[in-house]
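Q: With the hints as extra help, turn the sequences into a complete structure.
Residues -19 to -1, 1 to 77, numbered by mature numbering (1 follows the signal peptide of the UniProt record, and there is no 0), are exactly what the sequence shown covers, in order.
Hints are computed from structural coordinates only; laboratory data are not their basis. Some hints here could point you the wrong way.
Said to hold, decoys possible - Computed cross-link-like contacts, BS3-like style, restricted to lysine-lysine with a CA-CA straight-line distance of at most 25 Å:
1. LYS14 to LYS72
2. LYS4 to LYS24
3. LYS4 to LYS14
4. LYS14 to LYS24
5. LYS24 to LYS72
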Amino acid sequence: MKIALLLMVPALLVAAGCANQVKIVPPLTEADKQTLTCTEIGKESDRLNILLNQFRHGNKPLFGHDPSLIQQGEQAAQLRLNQIRELSVQKLCAFG
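A: What follows is the structure in structure tokens.
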């Protein structure tokens, strides 16, 4: 019983520390633009749309309570999504 408790406490501390991290996605690099396939572009578009939805609908347990960090994360995700959309047009990707 004591061993289980000792193992659970660090896991809870790690989970609590991760819960307040705002995910800032980087913009696409030139290498990304050259190597991403249409399938990867579609998956990244879906991932970014989900992330933006979470930012916009106030998933505070996931991102914390700092509005400036949430705004910064949302802006970074929107920039990358715009780049992904532009890249999908350039590569003539068809989705759906």
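Q: With the threshold set at 25 Å, check whether the alpha-carbon distance from LYS14 to LYS72 stays at or below it.
A: holds (10 Å)
Q: Taking only the CA atoms, is the gap from LYS24 to LYS72 under or equal to 25 Å?
A: holds (15 Å)
Q: CA of LYS4 to CA of LYS24, is that 25 Å or under?
A: With Cα atoms ~18 Å apart, LYS4 and LYS24 stay inside 25 Å; holds.
Q: Within a Cα-Cα threshold of 25 Å, do LYS4 and LYS14 meet the stated pairing?
A: Given that 25 Å is the threshold and the Cα spacing comes to 21 Å, the pair holds.
Q: Are the Cα atoms of LYS14 and LYS24 separated by 25 Å or less?
A: Given that 25 Å is the threshold and the Cα spacing comes to 14 Å, the pair holds.
Hint compliance for this structure: no hint is broken.
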